[in-house]
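Each chain, letter by letter, is given below.
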Amino acid sequence: MNMKKIYSVLVENRSGVLSKVSGLFARRSFNIDSLAVGETENKDISCMTIVSSGDERTLEQIEKQLNKKLDVIKIKTFEEQMSVSRELMLIKVKYNKSNRREIMETCEAMKADIVDMSKSFMIIQICDTPERTDLMIKLLSGISIVEMARTGTLALQKCIYQ
Amino acid sequence: MIGADAIVKCLEKEGVDTVFGYSGVAIDPFWNSILETDIKTVLVRTEQNAAHAASGYARTRGKVGVCAVTSGPGATNLLTGIATAYSDSIPLVCFTGQVDSELIGSDVFQEADVIGAAESFVKYSYLVRNVKDIPRIIHEAFYIASTGRRGPVLIDLPADIQLSRIGDFTYPTEPPKLRTYKPTVKGNTLQIKKVIKVLENAKKPLVCVGGGVHLSGAKNELQKFVEKHRLPVVSTMMGLGILPTEHPMYYGMVGNNGAVTANHAMKECDVLLMVGARVADRAVSAPDLTFEGKVLIHMDVDPAEIGKNVGPTIPIVGDAKHIFEEFMGQSFYCSHEEWIASLNNYKMDLKIERPEAKGFVDSPKFIKMLSGKMKDDAIYVADVGQNQLFSCQNAIIREGKFFTSGGMGTMGYSIPAAIGAKLADPERQVVAVCGDGAFQMSMMELATMNQYKSPIKLVVMRNHYLGLVREHQHFVYHDDYSMVDLGFDPDLEMLSKAYHVKYIRCENMEGMEEKIDDFLTGDEACIMEVLNDPMETVAVKKA
Chain A
1 MNMKKIYSVL
11 VENRSGVLSK
21 VSGLFARRSF
31 NIDSLAVGET
41 ENKDISCMTI
51 VSSGDERTLE
61 QIEKQLNKKL
71 DVIKIKTFEE
81 QMSVSRELML
91 IKVKYNKSNR
101 REIMETCEAM
111 KADIVDMSKS
121 FMIIQICDTP
131 ERTDLMIKLL
141 SGISIVEMAR
151 TGTLALQKCI
161 YQ
Chain B
1 MIGADAIVKC
11 LEKEGVDTVF
21 GYSGVAIDPF
31 WNSILETDIK
41 TVLVRTEQNA
51 AHAASGYART
61 RGKVGVCAVT
71 SGPGATNLLT
81 GIATAYSDSI
91 PLVCFTGQVD
101 SELIGSDVFQ
111 EADVIGAAES
121 FVKYSYLVRN
131 VKDIPRIIHE
141 AFYIASTGRR
151 GPVLIDLPAD
161 IQLSRIGDFT
171 YPTEPPKLRT
181 YKPTVKGNTL
191 QIKKVIKVLE
201 NAKKPLVCVG
211 GGVHLSGAKN
221 ELQKFVEKHR
231 LPVVSTMMGL
241 GILPTEHPMY
251 YGMVGNNGAV
261 TANHAMKECD
271 VLLMVGARVA
281 DRAVSAPDLT
291 FEGKVLIHMD
301 VDPAEIGKNV
311 GPTIPIVGDA
321 KHIFEEFMGQ
331 SFYCSHEEWI
341 ASLNNYKMDL
351 KIERPEAKGF
361 VDSPKFIKML
371 SGKMKDDAIY
381 VADVGQNQLF
391 SCQNAIIREG
401 KFFTSGGMGT
411 MGYSIPAAIG
421 AKLADPERQV
431 VAVCGDGAFQ
441 MSMMELATMN
451 QYKSPIKLVV
461 MRNHYLGLVR
471 EHQHFVYHDD
481 YSMVDLGFDP
491 DLEMLSKAYH
501 VKYIRCENME
511 GMEEKIDDFL
521 TGDEACIMEV
531 LNDPMETVAV
541 KKA
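Protein chains in written order, with the numbering used here: chain A, 1 to 162; chain B, 1 to 543.
None of these hints come from the bench; they were simulated from the model. C-beta: ideal position from N, C-alpha, C; glycine also. Careful: at least some of the hints might be erroneous.
Claimed, not checked - Part of the chain A face toward chain B, derived, beta carbon under 8 Å:
1) Leu59
2) Leu70
3) Glu102
To be verified - With a Cα cut of at most 25 Å, we get these calculated BS3-like pairs of lysine-lysine:
4) A:Lys64 <-> B:Lys182
5) A:Lys20 <-> B:Lys182
6) B:Lys177 <-> A:Lys68
7) A:Lys43 <-> B:Lys194
8) B:Lys375 <-> A:Lys68
9) B:Lys204 <-> A:Lys74
10) B:Lys177 <-> B:Lys197
11) B:Lys182 <-> A:Lys68
12) B:Lys308 <-> A:Lys4
13) A:Lys68 <-> B:Lys186
14) A:Lys64 <-> B:Lys321
15) A:Lys64 <-> B:Lys347
16) A:Lys76 <-> A:Lys111
17) B:Lys182 <-> A:Lys43
18) A:Lys68 <-> B:Lys63
19) B:Lys186 <-> A:Lys64
20) A:Lys68 <-> B:Lys308
21) B:Lys228 <-> A:Lys64
22) B:Lys177 <-> A:Lys76
23) A:Lys43 <-> B:Lys186
24) A:Lys5 <-> B:Lys308
25) A:Lys76 <-> B:Lys308
26) A:Lys43 <-> A:Lys158
27) B:Lys197 <-> A:Lys74
28) A:Lys76 <-> B:Lys182
29) A:Lys94 <-> A:Lys5
30) A:Lys111 <-> A:Lys92
31) A:Lys74 <-> B:Lys186
32) B:Lys321 <-> B:Lys204
33) B:Lys194 <-> A:Lys74
34) B:Lys177 <-> A:Lys20
35) A:Lys119 <-> A:Lys94
36) B:Lys373 <-> A:Lys64
37) B:Lys308 <-> A:Lys20
Use the sequences and the hints to build the structure in full.
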């Protein structure tokens, strides 16, 4: 049965590590649903948040094979519902008088912000769970999306599991 | 002192006495510095064979093999050798020259991203960016290669770093402390107790040994353990020779080219202890089915191997040598004489009669005779193909060793690996067996053999075909042969003359005993050409 899992992977902050980790996924045909990387409070250590899906054996292998990589310090794995997860998305849309109101209402309802604007374009920013980010795209699908950028999922295990 | 001097000094500190390799501008500072030491350098004839020779050396000595080649094509030629070592978990430290640091990434002459290319088949790799890091990196590299699950480590050395001045040189004495690498050596006590309990209650226990037992040096411990508790043993290809093949508790190699009794034992047993074997496709074709309804105890130093191909009942992570020492400390009693008797009966009943190759040298018979006449502690290196499978099925191994490229199946492995083995232990008899395909992939190393006085006994089993693939095409494509016919045969007698090597030819089994005696006598190199039936198959054809 296919399941989703989040891997919070602490790695040495060295050049080439991202390619080693992503290369491992490619070489062993593991899925990467999303990937986000950033430094931690210790600048020698980066945190990679990887969302992957597969059957139980695959999900276990991902963790074991990641552990074999000598640049990987520690791996935490958790289910989505055990975590607080967020994505950041920027969407540039073309608007006109007739749909401006509707877009603004959608933004308000979705707790999204309009962060930049010109006479006919605007950039909307949303920071929310992956599901609500997907929903935002759906809601805006009626108007013309010019371009968009979206981070991978960032996630931390919920405090009650600490 | 410059970087290259420091590298050489590190090698001395690690007790390296032989480096295999090839020269080139980007690695020349290193080859220049090594002149100042007693380390023996061996110039092979193509880079791939530097890794294979280092592998033969490592497997003979039980320590890290070292090779060094230049940048670009030197490095890319080495890749097959590195991958071969990786899939058999052979500890190597491989140095590659690299273009000057500031030129990396600009596609200059003889530049190749070897680190990127080798990533998925090295245990770890380093690009040296600062000359001061050399002692730390080399110290770590030897530690990583030779601990946990062994494997090759690659060190890419830009030419300018090799030439840079290094201030004071100190070599670490303690094992490196790496926060990302802490291999499990000792087995978990609770798991060990669990295993003992399961073995105690087993009616039909079986031990399947793999290459991991050789690598951890647990051969003696394992033998003592199975003898004490009368546990039957089967082996994977990489585990051949852990128990002498004529040992009463040994029932042969498993797998699709294995012994019938061994596969029968795998099927029938109720408790299976897998030691240092990765349950790969050639050994166990449908793992989930094979292990259904059994207790599978999977012991491996690499936790990722446990559960990769099959979910074990009892996983046990650690070094086989340590764990078997622990096992020996546990007192328990198990009895399963009925099981052993049934296996012995099975062995007797299931002697498959192969029709003997007429008018040619019969491969199984020949290999039995050859290996039977070899010295007790000889090293037998089989290449890849029919010669390898005939060897695995028929070679008699006593106190000696059996090498082959099991995981990768790299043709041409046997000659360079045998030369490496001979250089590692000059007193030992080293016999390489290859087919005419593999021979032509690495026959150039006969020059290396002569140059460094490392005489090997080389059998070339000639059938004018890439035999194992021909056999495959025979069964699968109904004799529609494509790309398997070695249409031109070099004259081996003349070739032997060209390389100043003694030559013996066997067209059939006539006078074979004397010919093998002549072949094996003394320590001089000898090539024995053996003519096989081109249509011979490893699989027994159903009548």
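Hint numbers contradicted by this structure
1, 3, 7, 8, 9, 10, 15, 16, 21, 23, 27, 29, 33 and 36
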